[in-house]
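*Asks:* Read in order, the letters of the sequence shown correspond to residues 41 to 353 in this note's numbering.
In case anyone wonders, no lab produced these hints; they're calculated from the structure.
Ideal Cβ placement from N, Cα and C applies to all residues, glycine included.
There's no promise every hint is true.
What the hints assert, rightly or not - Taking CB as the label site, the calculated pair distances span:
| hint | residue 1 | residue 2 | range |
| --- | --- | --- | --- |
| 1 | E169 | Y258 | 27 to 35 Å |
| 2 | R163 | F325 | 41 to 49 Å |
| 3 | S145 | N180 | 13 to 21 Å |
| 4 | R168 | Q315 | 39 to 47 Å |
| 5 | P119 | V348 | 21 to 29 Å |
| 6 | A100 | E146 | 38 to 46 Å |
As the list claims (entries may be wrong) - Derived pair list, reagent style EDC-like, types lysine to aspartate or glutamate, alpha-carbon separation capped at 16 Å:
| hint | residue 1 | residue 2 |
| --- | --- | --- |
| 7 | K179 | D197 |
| 8 | K179 | D196 |
| 9 | K311 | D293 |
| 10 | K101 | D120 |
| 11 | K263 | E339 |
| 12 | K164 | D113 |
| 13 | K179 | D67 |
| 14 | K311 | E286 |
| 15 | K311 | E339 |
| 16 | K101 | D113 |
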Amino acid sequence: MLSRTADSLYWVSRYVERAEYLARILDATTRLTNLPSAYGGAGTEWQSAVATAGCEDTFAKAYGEANERNVCDFLSFNPDNPSSIRNCFALARSNARAVRTALTSEMWDALNGAWLELQRFERKRMDREEFARFLDWVKNVSLTFDGSAYRTMLRDDGYWFSRLGVNVERADNTARILDVKYHVLLPETEQVGGSLDYFQWTTMLREVSALTAYHWVYRQAVKPVLIADLLILNRRMPRSLASCYENISRFLDQIGDAYNRHGPAQRQARKTLTQLANTPIEAVFQRGLHEFIEDFITENNRLGNVIVEQYLQ
41 MLSRTADSLY WVSRYVERAE YLARILDATT RLTNLPSAYG GAGTEWQSAV ATAGCEDTFA
101 KAYGEANERN VCDFLSFNPD NPSSIRNCFA LARSNARAVR TALTSEMWDA LNGAWLELQR
161 FERKRMDREE FARFLDWVKN VSLTFDGSAY RTMLRDDGYW FSRLGVNVER ADNTARILDV
221 KYHVLLPETE QVGGSLDYFQ WTTMLREVSA LTAYHWVYRQ AVKPVLIADL LILNRRMPRS
281 LASCYENISR FLDQIGDAYN RHGPAQRQAR KTLTQLANTP IEAVFQRGLH EFIEDFITEN
341 NRLGNVIVEQ YLQ
């Protein structure tokens, strides 16, 4: 496979995964702002959505205040935000067109149909109910595309590069959600473990489709240390950091075997997977969750750069 084809497949999947992640952020933030006034926080929810998306500087240049209208527009439709849902779908479709013959018809139809439907959403003046339907639609597009890839692609290098993109992006997204919840949402005056903390953690679990899984695994009330254990170390949870790196390591090994090109990408992925396997959750909190996540995001970004250098240039 040509490196430019592999590159496009890798980024198609990353952009679709990122669009779904942004929809989940906006959905969770709307839920948090709709909590009863008795559980109201410090009013940082919309600012936290921008922080979670990792685009605070770009937002500050375009808008003065982080309120519902500005943040929803910026993360959903703003063409000047490289990571808006609109631009994620535009870039995914552009990359898909460049490698149309490497995609199955089901994958292309999911992306192309989504782009056409998005034009209709952009022209609407949406109230909260309509915007909620839009966010559900974004998540369904991602599920349809992901399911099409899983069910129709040959298990060869094209599939491996596609799934590699999904898992690198998903690991970054889960880490950012955990970090921002722990350090942005909860006001300094609010008790950890209090009612506001409980509702925020529950909303975060919903955001990553993990609330039911949490109760299946731990069978007790929502606790931050157990949520962190689920989303960082539990390999059975598809969005956990450990699960993502188990997949990343496997797909990189398959690519390395196919091209006889094992190198720094495989070594770094295995190193991170080993660290996750050998780190108990108590050690994560003892060191500091924020510091752990910050280092993980840095290492995950480094792996992305190494993958590009080793295979996609």
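*Asks:* Run every hint past the structure and note whether it holds.
*Replies:* Against the structure, the hints:
About 34 Å separates the C-beta atoms of E169 and Y258, a value consistent with the hinted range of 27 to 35 Å. Take R163 and F325: their Cβ atoms lie about 48 Å apart, and the range 41 to 49 Å holds. About 19 Å separates the C-beta atoms of S145 and N180, a value consistent with the hinted range of 13 to 21 Å. Here the CB-CB span from R168 to Q315 is close to 42 Å, well matched to the stated 39 to 47 Å.
At roughly 25 Å, the beta carbons of P119 and V348 sit within the given window of 21 to 29 Å. For A100 and E146, the hinted distance range of 38 to 46 Å is satisfied, since their beta carbons lie about 40 Å from each other. About 26 Å separates the Cα atoms of K179 and D197, which puts this hinted pair outside 16 Å; it is violated. The hinted pair formed by K179 and D196 fails the criterion: a straight-line CA distance of about 26 Å is larger than 16 Å.
A C-alpha spacing of about 13 Å is found between K311 and D293, which places the hinted pair at or below 16 Å, so the restraint holds. The straight-line distance between the Cα atoms of K101 and D120 is roughly 10 Å, inside the 16 Å bound, and the hint therefore holds. At most 16 Å may separate the alpha-carbon atoms for a hinted pair to count; K263 and E339 exceed this at roughly 27 Å. A C-alpha spacing of about 12 Å is found between K164 and D113, which places the hinted pair at or below 16 Å, so the restraint holds.
At most 16 Å may separate the alpha-carbon atoms for a hinted pair to count; K179 and D67 meet this at roughly 10 Å. At most 16 Å may separate the alpha-carbon atoms for a hinted pair to count; K311 and E286 meet this at roughly 11 Å. Note on K311 and E339: the hinted pairing holds, with a Cα-Cα distance of about 10 Å set against a maximum of 16 Å. Using a Cα cut-off of 16 Å, the hinted pair K101 and D113 holds, with the two alpha carbons roughly 14 Å apart.
Checked against the numbered hints listed earlier, the structure breaks hints 7, 8, 11; every other hint is satisfied.
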